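J.: Starting from two chains that each stand alone, build the complex the way the hints lay out.
Respectively, the protein sequence lines represent chains A and B.
Here this note's numbering is used: the first residue of the first sequence is 1, the next is one more, and so on.
Here this note's numbering is used: the first residue of the second sequence is 139, the next is one more, and so on.
Some hints here could point you the wrong way.
[What the hints assert, rightly or not] Under the rule of at most 20 Å between Cα atoms (straight-line distance), these lysine to aspartate or glutamate pairs were calculated in the DMTMM-like manner:
(1) Lys505(B) - Glu37(A)
(2) Lys451(B) - Glu472(B)
(3) Lys509(B) - Asp129(A)
(4) Lys508(B) - Asp35(A)
(5) Lys166(B) - Asp155(B)
(6) Lys111(A) - Asp172(B)
(7) Lys77(A) - Glu152(B)
(8) Lys317(B) - Glu410(B)
(9) Lys77(A) - Asp196(B)
(10) Lys317(B) - Glu402(B)
(11) Lys307(B) - Asp172(B)
(12) Lys77(A) - Glu200(B)
(13) Lys80(A) - Asp192(B)
(14) Lys77(A) - Asp192(B)
(15) Lys452(B) - Glu553(B)
(16) Lys166(B) - Asp103(A)
(17) Lys396(B) - Glu410(B)
(18) Lys353(B) - Asp427(B)
(19) Lys508(B) - Glu37(A)
(20) Lys509(B) - Glu37(A)
(21) Lys10(A) - Asp172(B)
(22) Lys166(B) - Glu152(B)
(23) Lys422(B) - Glu534(B)
(24) Lys551(B) - Asp456(B)
(25) Lys505(B) - Asp35(A)
(26) Lys508(B) - Glu472(B)
(27) Lys80(A) - Asp178(B)
(28) Lys422(B) - Asp456(B)
(29) Lys508(B) - Asp427(B)
(30) Lys77(A) - Glu175(B)
(31) Lys10(A) - Glu174(B)
(32) Lys166(B) - Asp129(A)
(33) Lys353(B) - Glu402(B)
(34) Lys505(B) - Asp196(B)
Since the hints were made in silico from the structure, they are not lab data.
Nothing here was measured: the structure is a model prediction, and the numbers come from that model.
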Amino acid sequence: MNHAVHIQCKGILPGKAKGRALVMRDPISFQGEIDEEGTIVVWGHPHAGESVAGKVLIYPEAKGSSGGCMMLRLLAKRGKKPAAIVNTRNLDPNLVEGAILADVPMVCFPKENVYDIFSSGDLVEVNGDTGVLTKIEE
Amino acid sequence: MKLSDQEKRLLNGEEGDIKALAMSYLVKLGNAFDGEEMVDILYAHMSSGSALRDGEIDYLDELAAKGAQVLVPTSSEVIPVDLMNPEVISAPSELVAEHRRLLSIQQKMGIVSTYTCVPFTQGFVPPAGSYIASMETAAIIYFNSILGAKTNRCGYFVLYAALTGKYPKIGYLLDENRKGSHLVSVEAELRTPTDYGAVGFYVGSIVGSGVPVFKGITQPRQEDLMQLGAALATSGTVAIYHLPGITPETPTLESAFKDRRPPETIRVTPKEIEKTLAQLHTAKSPFVDFVFLGCPQYTVDQVRRVAALLDGKKVHRDTTLWIGTNRMAFAMAERMGYHEIIRKAGGVLVCDMCPMLSFLRLDALTKRGKKGPYFQTMLTDSPKQAKYAHSTMGCEIIVDRVDRCVEAAVSGKWEG
Numbered sequence: 001m002n003h004a005v006h007i008q009c010k011g012i013l014p015g016k017a018k019g020r021a022l023v024m025r026d027p028i029s030f031q032g033e034i035d036e037e038g039t040i041v042v043w044g045h046p047h048a049g050e051s052v053a054g055k056v057l058i059y060p061e062a063k064g065s066s067g068g069c070m071m072l073r074l075l076a077k078r079g080k081k082p083a084a085i086v087n088t089r090n091l092d093p094n095l096v097e098g099a100i101l102a103d104v105p106m107v108c109f110p111k112e113n114v115y116d117i118f119s120s121g122d123l124v125e126v127n128g129d130t131g132v133l134t135k136i137e138e
Numbered sequence: 139m140k141l142s143d144q145e146k147r148l149l150n151g152e153e154g155d156i157k158a159l160a161m162s163y164l165v166k167l168g169n170a171f172d173g174e175e176m177v178d179i180l181y182a183h184m185s186s187g188s189a190l191r192d193g194e195i196d197y198l199d200e201l202a203a204k205g206a207q208v209l210v211p212t213s214s215e216v217i218p219v220d221l222m223n224p225e226v227i228s229a230p231s232e233l234v235a236e237h238r239r240l241l242s243i244q245q246k247m248g249i250v251s252t253y254t255c256v257p258f259t260q261g262f263v264p265p266a267g268s269y270i271a272s273m274e275t276a277a278i279i280y281f282n283s284i285l286g287a288k289t290n291r292c293g294y295f296v297l298y299a300a301l302t303g304k305y306p307k308i309g310y311l312l313d314e315n316r317k318g319s320h321l322v323s324v325e326a327e328l329r330t331p332t333d334y335g336a337v338g339f340y341v342g343s344i345v346g347s348g349v350p351v352f353k354g355i356t357q358p359r360q361e362d363l364m365q366l367g368a369a370l371a372t373s374g375t376v377a378i379y380h381l382p383g384i385t386p387e388t389p390t391l392e393s394a395f396k397d398r399r400p401p402e403t404i405r406v407t408p409k410e411i412e413k414t415l416a417q418l419h420t421a422k423s424p425f426v427d428f429v430f431l432g433c434p435q436y437t438v439d440q441v442r443r444v445a446a447l448l449d450g451k452k453v454h455r456d457t458t459l460w461i462g463t464n465r466m467a468f469a470m471a472e473r474m475g476y477h478e479i480i481r482k483a484g485g486v487l488v489c490d491m492c493p494m495l496s497f498l499r500l501d502a503l504t505k506r507g508k509k510g511p512y513f514q515t516m517l518t519d520s521p522k523q524a525k526y527a528h529s530t531m532g533c534e535i536i537v538d539r540v541d542r543c544v545e546a547a548v549s550g551k552w553e554g
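So that you can see chain B by itself, here it is in the shape it has in the complex (with noise of 0.2 Å):
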């Protein structure tokens, strides 16, 4: 790999240990791609560290106290508890107080607690062609697939990035491994964000790490890309995909593919989309006992929508509804009274956590003594959040649309 001045004296260790130890695993990383070079990042979206997983927090905790700070603007991902409101939603105190300990790290460190899977709906929005590093599946598409901003499949190496500002040019941050591979079809029409969940689990499943490039589909709003991209990542390993006229550097159907023939056409109709649902629905009984809305977390306006829904109404007494959302939006539905609507109704928006991977998980439980699963059946309006929870946190599941899954929750009852 060829380094810049600049980058051999932060290797070399010139600019201290951390960014010696930093840059040295980035290049490690580099070379196992036969990368070329490094570039600067001007973002990063990193794991926050878990407590439900041994020493993250505390090496973060040790690079705190040597003083490692940050070069560039960087948001975090989820963690396993609410923190604002842990005890509404039972999280263990432990994990709470670890969790507290970790924020003001992150503080020390200049990274800024967001907890979310979707930092570019909170002013983390780096521009069309612009390098960066982030982790989160939902978040990388995204960025990929819709900003224009170009990413790998980051994980843990984010921290490194942003202590170094740097990322080797790899993957994803190289244009010809961004180009379309797949062409697919959407023949139905697609009126929720769910639609379009089962639009791309289905089509992840068959392209796997390939670039999907989609017609058939117009107008998609934030909400819908949020929900597309999150699924292509879970069932595939899907990290770009195009939308002709919607990705900032594919103008036409024809330059998504650049030089390259798609191999077929995949289509896509009413019939797959109900099939792939289906296919996701594992539970035998309809009665619900946990309603899980928000992922990737909701966006404001669809915790308003939720409010709307649930407005004079009453969650069923055996059923829990939690809708998720990130801490900006959350502030946002407070403000316009669509928290209070929702508490009123017995759902609790929570913040800053996900069911996959929280205090809810199996391990989780079995680590503190409990016997799994929490909730017997979850109903989800998120192919994602299915997929996952089913095998993480044991429990049945049934993906619906959210006006359905709002029915649900104040029934107790799916209607099938």
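Looking at chain A on its own, in the form it has when it is part of the complex (with noise of 0.2 Å):
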């Protein structure tokens, strides 16, 4: 039986992914909030000391230093880039702009509160071309 569910998003950057959901409610920057490691380094923040690495990326929108398509890239580089990237309220060049370099999928503006729908941790599979957000019951 399949209790996947799925929501419609709009497709920005193509291709497929799967990984674990890390669901975040506050814009985040690849530039000066995430390391190298791909590792959350703002202090006090709520997934501080976690990894973005193959994560499904779920969070409102990028923020902060244009730097941070170049860390995106370099996360790539060093194998830990994360596995897709959604963002629900704003799209921002720069980060679609690391994504295209770092060869991650994107998909926004999903058509349902997905804050209400997704918890880090969660199964979830990204389609770029489609929009197409799921998360994959186990």
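T.: If you want it as structure tokens, here you go:
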């Protein structure tokens, strides 16, 4: 029996990826808030110390320094990039640049409130071509 | 995306593989944003590439070896070391060597090695209404809001824009995305750039990627606006704000919102300013081993002011004082004797680099087998530097106005 939940988003960058969700309620900056190992280094951040590597990041939008795209590119080179990125509120060209260089699928603007549906640790699939975000029941 | 015949030729490789590659990235970006067309840009401010991030300099080297040349005036961003006086700041020699190599690569490609976050203080002043491609959020927001040039929050793709002279017409290049979204009423006297920085930091944390419109700010100086913008783009993702009467496209408050009504007024009083500075304060001890001024890089007049405050004094033996600036301001500070005063007092006028992007980062230290943090407590007049230095350099933070910073550099202790 298939209990998967499908949510339609806008497809931004093509590609399919699966990974554990990392759901963040606040914007994050790849430059200065995530280090070269992909670890969140903002002091006091609810997910401080956790890694973005291999995760499907679900968060409102990028923020902060425009060096963020270079950091994402570097994470890809080091094998520490996120599996996919879901932005719910806004789409930042800088982050999209980084995702293009890092070859990370991206969707945005989900049609439902994903913060009610997804929790960190859920197994999630992102299809950047169709824009479908899927929660896979285990 | 609709491409002109010339753009198609670029994409098809008729003008070489490098331009074709660059164009293909720009088209991907344009498509991600449902962009309809490309525009010609007339200026680019690009990332220099950092030896702290593997492969970036090599990548530029490969492009330069294949004859890559920028097609528009192009300035470049700060690097992790000061190439003029690396020994004064104990910069690692291998990093210096890599960045000397980068400088020669940039020369080949036609890129000006400004190593600055504020290129508009050094002759790169695009006219209002022009399309440009800039990285560095402190520069982006100044270009959009004060000069009226139009740029997105670009990053690495500025390189591709500079190589082709093109950028997709998306985001903040479209007038509908430049409309005001929040009204901010400043009900406080802003005496120093740091006060402006605190306002920006407070407002940015509320508006996120919005477009704040300010009232109550009168006769700001260039340095004030540099600080306001840098902070807005640190706590938030603000790429443009409106100062009616100053922002070129915004003669009046009403025109900032066009047909849109502002949802609510954000009030900024002295209370919010002090609260913001206090929130950035993490240090438990008043003793400061590092005082950093110059984020964004100080203008020559700010350097002059620090020299006046330092004249005849000595920086405390347990404290390091750096004043960050750029080569053009440095040359003038040298000519005017400001540098000599600062040097005699034991301060260092630093060019090219920025602490939070430098060899002083925790990840850079770890790579060299060193334990951080390099400095325990940083006192700075910049909310932006404070926010990023805390996480990237691991130092405890105090933010205060420039005169208090200089006093603390001399006494070794911040008098809170």
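J.: Does each hint fit the structure? Answer for all of them.
T.: For each hint, the structure was consulted:
1. At roughly 12 Å between alpha-carbon atoms, Lys505(B) and Glu37(A) fall within 20 Å of each other, so this suggested pair holds.
2. About 19 Å separates the Cα atoms of Lys451(B) and Glu472(B), which keeps this hinted pair within 20 Å; it holds.
3. This hinted pair does not check out: Lys509(B) and Asp129(A) have alpha carbons roughly 45 Å apart, beyond 20 Å.
4. Restraint check for Lys508(B) and Asp35(A): satisfied, since their Cα atoms lie roughly 16 Å apart, inside the 20 Å limit.
5. Restraint check for Lys166(B) and Asp155(B): satisfied, since their Cα atoms lie roughly 17 Å apart, inside the 20 Å limit.
6. Annotation: proposed proximity of Lys111(A) to Asp172(B) holds, straight-line Cα distance about 18 Å (limit 20 Å).
7. Among the hinted pairs, Lys77(A) with Glu152(B) is inconsistent with the structure: their alpha-carbon atoms are about 30 Å apart, more than 20 Å.
8. Simply put, Lys317(B) and Glu410(B) have alpha-carbon atoms about 25 Å apart, too far for the 20 Å limit, and the pair is violated.
9. Proposed proximity of Lys77(A) and Asp196(B) is supported: the alpha carbons are some 14 Å apart, at most 20 Å.
10. Taking the CA atoms of Lys317(B) and Glu402(B), the gap is near 15 Å; set against the 20 Å cutoff, the hint holds.
11. Distance check on the hinted pair: Lys307(B) and Asp172(B) sit about 9 Å apart at the alpha-carbon level, within 20 Å; holds.
12. Restraint check: the Cα-Cα separation between Lys77(A) and Glu200(B) comes to about 17 Å, which is no more than 20 Å; the hinted pair holds.
13. A C-alpha spacing of about 14 Å is found between Lys80(A) and Asp192(B), which places the hinted pair at or below 20 Å, so the restraint holds.
14. Taking the CA atoms of Lys77(A) and Asp192(B), the gap is about 8 Å. The hint holds against a cut of 20 Å.
15. Distance restraint check for Lys452(B) and Glu553(B): the Cα-Cα separation of roughly 17 Å lies within the 20 Å cut-off, and the hinted pair is therefore satisfied.
16. For the hint linking Lys166(B) to Asp103(A), the alpha-carbon distance of about 11 Å falls within 20 Å, and the restraint holds.
17. Taking the CA atoms of Lys396(B) and Glu410(B), the gap is about 28 Å. The hint is violated against a cut of 20 Å.
18. Only pairs whose Cα atoms come within 20 Å are accepted, and Lys353(B) paired with Asp427(B) is rejected, the gap being roughly 38 Å.
19. Note on Lys508(B) and Glu37(A): the hinted pairing holds, with a Cα-Cα distance of about 17 Å set against a maximum of 20 Å.
20. Our distance criterion of 20 Å between C-alpha atoms is met by Lys509(B) and Glu37(A), whose separation comes to about 17 Å.
21. Between Lys10(A) and Asp172(B) the alpha-carbon distance is near 11 Å, which keeps this suggested pair within the 20 Å criterion.
22. At most 20 Å may separate the alpha-carbon atoms for a hinted pair to count; Lys166(B) and Glu152(B) meet this at roughly 19 Å.
23. With a C-alpha separation of about 8 Å, the suggested pairing of Lys422(B) with Glu534(B) holds against the 20 Å cut-off.
24. As the CA atoms of Lys551(B) and Asp456(B) are separated by approximately 10 Å, the hinted pair is consistent with the 20 Å bound.
25. At most 20 Å may separate the alpha-carbon atoms for a hinted pair to count; Lys505(B) and Asp35(A) meet this at roughly 12 Å.
26. Only pairs whose Cα atoms come within 20 Å are accepted, and Lys508(B) paired with Glu472(B) is rejected, the gap being roughly 34 Å.
27. Between Lys80(A) and Asp178(B), the direct Cα distance comes to roughly 35 Å. Violation of the 20 Å bound is thereby established for this hinted pair.
28. A hinted pair counts as satisfied when its Cα atoms are at most 20 Å apart, and Lys422(B) with Asp456(B) qualifies at roughly 17 Å.
29. For the hint linking Lys508(B) to Asp427(B), the alpha-carbon distance of about 18 Å falls within 20 Å, and the restraint holds.
30. Distance check on the hinted pair: Lys77(A) and Glu175(B) sit about 31 Å apart at the alpha-carbon level, beyond 20 Å; violated.
31. For the given pair, Lys10(A) sits about 17 Å from Glu174(B) by alpha-carbon distance, which is consistent with the 20 Å threshold.
32. A hinted pair counts as satisfied when its Cα atoms are at most 20 Å apart, and Lys166(B) with Asp129(A) qualifies at roughly 13 Å.
33. Simply put, Lys353(B) and Glu402(B) have alpha-carbon atoms about 13 Å apart, close enough for the 20 Å limit, and the pair holds.
34. Between the alpha carbons of Lys505(B) and Asp196(B) the distance comes to roughly 19 Å, so the proposed pair stays at or under 20 Å and holds.
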